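2 protein chains.
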Amino acid sequence: MSLLAELERVAAAVERRLDRLLAEPGERPEDKRLGEAMRYAALSGGKRLRPLLLVESARLFGVKEEEALPAATALECIHCYSLAHDDLPAMDDDAVRRGRPALHIAFDEATAILAGDALLTLAFEILSDEGTHPDPAIRAELVLLLARAAGWRGMAQGQALDLSPERQSFTPAEIAAMQELKTGALFRFACEAGAALGRAGLTERAALIAYASSFGQAFQLADDLLDAEGDAAALGKAVAKDASRGKATLIARLGPDMARQRLDELVVEAEEALAPFGDRAITLVETVRFAVDRKR
Amino acid sequence: MSLLAELERVAAAVERRLDRLLAEPGERPEDKRLGEAMRYAALSGGKRLRPLLLVESARLFGVKEEEALPAATALECIHCYSLAHDDLPAMDDDAVRRGRPALHIAFDEATAILAGDALLTLAFEILSDEGTHPDPAIRAELVLLLARAAGWRGMAQGQALDLSPERQSFTPAEIAAMQELKTGALFRFACEAGAALGRAGLTERAALIAYASSFGQAFQLADDLLDAEGDAAALGKAVAKDASRGKATLIARLGPDMARQRLDELVVEAEEALAPFGDRAITLVETVRFAVDRKR
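As given, the protein sequences belong to chains A and B, one line each in that order. Counted the way the working numbering counts, the first sequence spans residues 6 to 301. Counted the way the working numbering counts, the second sequence spans residues 6 to 301.
It cannot be assumed that every hint is accurate.
As the list makes no split between identical chains, a pair holds if one copy fits it or if it spans any two.
Unchecked claim - Derived lysine to aspartate or glutamate pairs resembling EDC-like cross-links, with alpha carbons at most 16 Å apart:
no., residue 1, residue 2
1, K52, D98
2, K37, D24
3, K69, E270
4, K52, D298
5, K37, E270
6, K37, E179
7, K52, E11
8, K37, E171
9, K69, E274
10, K69, D98
11, K37, E71
12, K52, E13
13, K52, D228
14, K37, D113
15, K52, E71
16, K37, D269
17, K69, E29
18, K69, D24
19, K69, E11
20, K37, E276
Keep in mind that the hints were calculated from the coordinates and are not lab data. Source: prediction; values computed, not measured.
Required output: the full structure, derived from the provided sequences and hints.
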């Protein structure tokens, strides 16, 4: 099966789960509003790249796709909450997301804040549910890993740094560290959760973490290149936002040629990290290439 | 020991834990900002009533205070996150909280949103940590209970309803249902978590849930009475906000005399729910009286 077909299949499966989880939000219009906002934020079509990473990481250890999908759905809830909050006027102030009005435009700011909060909370409800894994030790570990990845020493801190006035004078190393938190932490969770579901040994887990780190950096660099040079219509959101806001990106520091060279290195590093898995990791190898290529 | 002394002891213990958890936020000013905002939101005094309920519910089943404090600290993180987000300009737009500038005034809106997100996430990091309970099945259950209490069918939905334009025409029963979600859900978690930590049977758990429900309603009614009639200086926040915003409260529907009568009934109901525990529940009985009396 081609990577694209698999990506679509996993995306569809995650969306079916989200659709079921967020069904029947209530009878009165006021009961429905929050649930509808959550649906809008969670069912707006993303590529579902993080769920694919989780499913494929788990597959390395013989975990069936069906058994990895609940954790993958929880991860996507966190990703969607972070987009909803990042788009808020007080944060990145983005009016468009995935070619549609951002959540706070389609609804209102208060509802966007609450829907983000509720999606964040839902992720932990999913992970702690028996349906996610029969062994409560695995469920508790998944909760701990996701809370650390998303929290004040992970994604939330990355976003805080990205919004800080000091970011304009960040060195390339500081920018990379910020992006490791803001974007990298969830990629790392995707791979580590797959390893946890598969009860992987420390060596295999470390290999997946190394892959996730290179993947995350490559993904962010490709995203920044696209923002610097891309086409707003193809992207479904505004471009050149980073430069116009004086945001710290590696492109601004390295220049586009150096950035492209670094991107190629990162793809190689990601592939090399997967060497211990041999041919079993072919889909993960293809995924990093796909994630980078679709952006350039 | 008097209830006040115990409340202070539990509050101090929860604060020590929060202080430790949020220590060393980083070296650079930009690394520290998020952690400092979380500290501001979480270490600003509060009575820590919810932690006390959790500790006392667990004590009914022989759980030592020390063993209940981690879950109590997680619960307080959720409470503090909800206050930080509720105070935001897009939500209740409150500039003062506990006699100090609200979080978004003391820092900024983006930091207040992120600090709330991070406190919400930290609650689940605490609950899933081995230090909270040696049995992962208990940890996973606590995560599930808290996620349900705080999420889109719990507290977040209560806040969404409280902000909805339809709230001005809510019936008394609809207001009570809204408050059961917005305020009651966390009180219920406090008591249910205590029962979970103590591996309580279904009957005892149901008794505590009934207590929490009456407690939550009484607490909210007393709070509304205080808002309608209280003294801003004594309260440390603005009063008569609800009326000036046309917010749905039971006071506006029932009138203050009926509301006081209902309050007395709820206190009796809360006490009666504790009957199965006999004298062991004396502190929980005192707590509902205290929570109501300090407000009138």
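Hint check:
1. K52 <-> D98: neither (22 Å within a copy, 36 Å between copies)
2. K37 <-> D24: Close inside one copy (14 Å), not across copies (39 Å); limit 16 Å.
3. K69 <-> E270: neither (32 Å within a copy, 55 Å between copies)
4. K52 <-> D298: Within. Shortest intra-copy distance 14 Å satisfies the 16 Å Cα cut-off; inter-copy 55 Å does not.
5. K37 <-> E270: neither (48 Å within a copy, 32 Å between copies)
6. K37 <-> E179: Close across copies (15 Å), not inside one copy (43 Å); limit 16 Å.
7. K52 <-> E11: Cα proximity of K52 and E11: one copy only (11 Å, versus 52 Å across).
8. K37 <-> E171: Answer is between: at 12 Å across copies they meet the 16 Å cutoff, but 41 Å inside does not.
9. K69 <-> E274: neither (27 Å within a copy, 50 Å between copies)
10. K69 <-> D98: Intra 40 Å, inter 48 Å, cutoff 16 Å: neither.
11. K37 <-> E71: neither (29 Å within a copy, 41 Å between copies)
12. K52 <-> E13: So K52 and E13 pass the 16 Å test inside one copy only (8 Å; across, 50 Å).
13. K52 <-> D228: within (14 Å within a copy, 46 Å between copies)
14. K37 <-> D113: within (14 Å within a copy, 31 Å between copies)
15. K52 <-> E71: For K52 and E71, neither the intra-copy (18 Å) nor the inter-copy (46 Å) Cα distance is at most 16 Å.
16. K37 <-> D269: neither (47 Å within a copy, 34 Å between copies)
17. K69 <-> E29: For K69 and E29, the Cα distance exceeds 16 Å both inside one copy (29 Å) and across copies (41 Å).
18. K69 <-> D24: Neither. Shortest intra-copy (21 Å) and inter-copy (42 Å) distances fail the 16 Å Cα cut-off.
19. K69 <-> E11: within (14 Å within a copy, 51 Å between copies)
20. K37 <-> E276: neither (45 Å within a copy, 35 Å between copies)
In summary, the structure is inconsistent with hints 1, 3, 5, 9, 10, 11, 15, 16, 17, 18, 20 from the numbered list given earlier, while agreeing with the others.
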